[in-house]
Amino acid sequence: MGLILKIMKIKRVNLLYFLIPGLILLLLFVIVPILYSFYISFTEFKSGSFIFNGFDNYIKLLKNKVFWISIGNTFYYTVGVIVPSVTISLFIAISLNRKGWGYTTLRTIYFLPVAVSEAVAAAIWVSVLNPEVGMANYFLEILHLPKIGWYADYNWVMPTLIMVTLWKNVGYYMIIFLAGLQTIPPYYEEAAKIDGANNWHIFRNITLPLLKPSLFFVYITSILFSFKVFTWIYVMTQGGPGYSSMLTVFYIYREGFKKFQFGYASATSVVLFLILLVFIIIQLKYFKMFETKDYR
Amino acid sequence: MKRILIYSILVVFVVSMALFGISCKAEAVEEAEEEVAEVIEEAEEEVAKEEAGEIITLRLMMFPDNPPDEEFYDILITEYEELSPNIKIERESVPWNNFQEKLMPQIMAETPPDIARVSSQWGGSYAAMGALADLSEFITQEDIDKFQSGRWVTCLYEDKPFGLPETSIAIAMWYNKTAIEEAGIELPESADSAWTWDEFKEAAKTVQDKTGIEYGFDVYKSFFPYLAWIYSGGGQLLGEDLKTPEINNEKSVEAVKYLTDIYAEGISPVTTPASGDPDAAQKLFQAGKVAFYYSGVWLTSTFVDAIKDFEFGATYLPMKAGEDPATNASGENLIIFNKSEHIKEAYDFISWFTNKENSERHLGYANLLSPRLDTSPVYEVRPDILEVFGNQAAMLKIQWAKEAHISEFSEITPSLMDNLVLALTGKMDAQNAMDIVADEVNTIMAE
Numbered sequence: 001m002g003l004i005l006k007i008m009k010i011k012r013v014n015l016l017y018f019l020i021p022g023l024i025l026l027l028l029f030v031i032v033p034i035l036y037s038f039y040i041s042f043t044e045f046k047s048g049s050f051i052f053n054g055f056d057n058y059i060k061l062l063k064n065k066v067f068w069i070s071i072g073n074t075f076y077y078t079v080g081v082i083v084p085s086v087t088i089s090l091f092i093a094i095s096l097n098r099k100g101w102g103y104t105t106l107r108t109i110y111f112l113p114v115a116v117s118e119a120v121a122a123a124i125w126v127s128v129l130n131p132e133v134g135m136a137n138y139f140l141e142i143l144h145l146p147k148i149g150w151y152a153d154y155n156w157v158m159p160t161l162i163m164v165t166l167w168k169n170v171g172y173y174m175i176i177f178l179a180g181l182q183t184i185p186p187y188y189e190e191a192a193k194i195d196g197a198n199n200w201h202i203f204r205n206i207t208l209p210l211l212k213p214s215l216f217f218v219y220i221t222s223i224l225f226s227f228k229v230f231t232w233i234y235v236m237t238q239g240g241p242g243y244s245s246m247l248t249v250f251y252i253y254r255e256g257f258k259k260f261q262f263g264y265a266s267a268t269s270v271v272l273f274l275i276l277l278v279f280i281i282i283q284l285k286y287f288k289m290f291e292t293k294d295y296r
Numbered sequence: 297m298k299r300i301l302i303y304s305i306l307v308v309f310v311v312s313m314a315l316f317g318i319s320c321k322a323e324a325v326e327e328a329e330e331e332v333a334e335v336i337e338e339a340e341e342e343v344a345k346e347e348a349g350e351i352i353t354l355r356l357m358m359f360p361d362n363p364p365d366e367e368f369y370d371i372l373i374t375e376y377e378e379l380s381p382n383i384k385i386e387r388e389s390v391p392w393n394n395f396q397e398k399l400m401p402q403i404m405a406e407t408p409p410d411i412a413r414v415s416s417q418w419g420g421s422y423a424a425m426g427a428l429a430d431l432s433e434f435i436t437q438e439d440i441d442k443f444q445s446g447r448w449v450t451c452l453y454e455d456k457p458f459g460l461p462e463t464s465i466a467i468a469m470w471y472n473k474t475a476i477e478e479a480g481i482e483l484p485e486s487a488d489s490a491w492t493w494d495e496f497k498e499a500a501k502t503v504q505d506k507t508g509i510e511y512g513f514d515v516y517k518s519f520f521p522y523l524a525w526i527y528s529g530g531g532q533l534l535g536e537d538l539k540t541p542e543i544n545n546e547k548s549v550e551a552v553k554y555l556t557d558i559y560a561e562g563i564s565p566v567t568t569p570a571s572g573d574p575d576a577a578q579k580l581f582q583a584g585k586v587a588f589y590y591s592g593v594w595l596t597s598t599f600v601d602a603i604k605d606f607e608f609g610a611t612y613l614p615m616k617a618g619e620d621p622a623t624n625a626s627g628e629n630l631i632i633f634n635k636s637e638h639i640k641e642a643y644d645f646i647s648w649f650t651n652k653e654n655s656e657r658h659l660g661y662a663n664l665l666s667p668r669l670d671t672s673p674v675y676e677v678r679p680d681i682l683e684v685f686g687n688q689a690a691m692l693k694i695q696w697a698k699e700a701h702i703s704e705f706s707e708i709t710p711s712l713m714d715n716l717v718l719a720l721t722g723k724m725d726a727q728n729a730m731d732i733v734a735d736e737v738n739t740i741m742a743e
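If you read the sequences in order, they're chains D and U. Our numbering puts the first residue of the first sequence at 1, with every later residue one more than the last. Our numbering puts the first residue of the second sequence at 297, with every later residue one more than the last.
Calculated from the structure, these hints are not laboratory results. Please read these numbers as outputs of a predicted model, since none were measured by experiment. Hints are all accurate, no fakes.
DSSO-like, lysine-lysine: derived pairs with alpha carbons at most 30 Å apart:
1. Lys398(U) x Lys258(D)
2. Lys640(U) x Lys46(D)
3. Lys259(D) x Lys723(U)
4. Lys506(U) x Lys147(D)
5. Lys259(D) x Lys553(U)
6. Lys539(U) x Lys259(D)
7. Lys258(D) x Lys723(U)
8. Lys65(D) x Lys547(U)
9. Lys723(U) x Lys63(D)
The following block holds chain D by itself, in its conformation from the complex:
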């Protein structure tokens, strides 16, 4: 009893009382479904029941050409989104990191696509980029340029998806970078200028290192969003033409909800989870998030 009272006196125990409701929700809506998905990945859905079938789903998965195409497409999409996301949004953030009503207006304009829901945005882009009657090709024709197949063209479908994703997300990452830029004390830049540093030196040696936490956040979130992308594919391409925009999450959806292969779809999601986990661990080590450096 005395020991219990002693423990209860420890302040950290109070924190647990606040955390428990959130932990329960996390357990019920995240942990348990994930564990159930692991279980289902070793079963086959037949005659209304899940029947244990060992590693059959995983073996089938590793032999499936479409699965590997989807993994390749997912990596293509991820790299295609991350690099421009970080570069463009950082460039915009630096350019707009000034005071003035014009800059505020521009920041709002860049942020507007973020406020539109992804499904609505995708439906709008389907119309705008319609290869036969869309506005985009109409303007290309006016400029005497050749029409583009956009999401209905094997070569253009992935660049189109990357383009619309960038349009949607750059504003969000811009805000993250802006917040990061505004935490950098201005006297660093002033001191560097006094010492004769030009803009590039300031950016490389002061801004970029101090933006590391923001960079890491943008980098990791854009990887996670890219691996999980679904709405754009569902609304715009359905994984086609052929399999040229078949990304892994859409493949999982199709196997589970169109072909009712729930066990196989779960196995695919487990494999995707493991790939993503390895990817993130590598990024964590690369960024050395837990290492602090004093730049003063």
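Given chain D, put chain U in place with the hints provided.
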């Protein structure tokens, strides 16, 4: 002094507005509370009645074919509730594209609706899962004989009925009448005298050349019309045993090659099969850019509302010379789930809903075809078009209805569509593409 006066007026104004707002709000709150109390009282009465066994609530999940269809559902439900005061029908409407995704989790959680309106090719999968009720005790041979045999088979699993056919859907050829007349094309008068493939291709090219219309022909991106085209060439998806693939036999492949050539020659836009938008071809037709559009009867109301710039009609599907006229026809069925606690009441409802009188009224209003042999819906809107689709639907062979109804059909169609697209867009040879589909069919059947 002046400033004090202005500020005082402003304060008085703001306080008056606030007080006025509060009093209005109080009134509105009171009214809302009264309404809520009434609704709660009614709901409590109904729950009490239901618990006492006085009211039976049936959940009906459906997708509407078009707005008039959905409207008439509500009309019929209201009428039924008046006829049967102890029955309450709760209707849930879900778009066709999302229907299975919404229904499957309910089936797996063993909480499906009592009744669902489903596409006829879905019922087999649900029946194979053991989710559907056996309605043998309620249905007599006399009931069965009232329905077209090609539609009735889609309500059977292992010879046991699980639902009733509600509508029929057929594929035929929509056309831009303004462009066709300008080109001086004469259309076939009946399904038996329909054009051959070559005659049709010639007609489509002539319209393109003479009128400047962008495309001569386009197809709704779905297995439904593509299979109809394959049937029109004497091909099939499966053999008589409904297990052996025939999609890669000579006739099936020839049908796919023919369509591929049409796309390659620019008669059809290759972006349509490549697009992820299933309505891409429909949008082109509505925009007046396509002379002939291969799609289904469900578009009648949509086209009547949407197409104002040109006249349109429907004609019969072409077939390969020497082959029989073909179509793909399915429809919607009303099915009952075995988890329903009121199977008898659910059957009474669907039986009443699909009876001769209601079928004629409903389908006439919604511009849909009837699966019954004894009905003649009176179509208020474009009866000429419905006549063509009805005649085309009569060309359906039982084999085609059966193969679209097997429980593995949902597993086969994604591979079929993927490889058809690869073939039609010239990315893969038609024979290779159909061989891949055949391999997939064999793998699925072996499992």
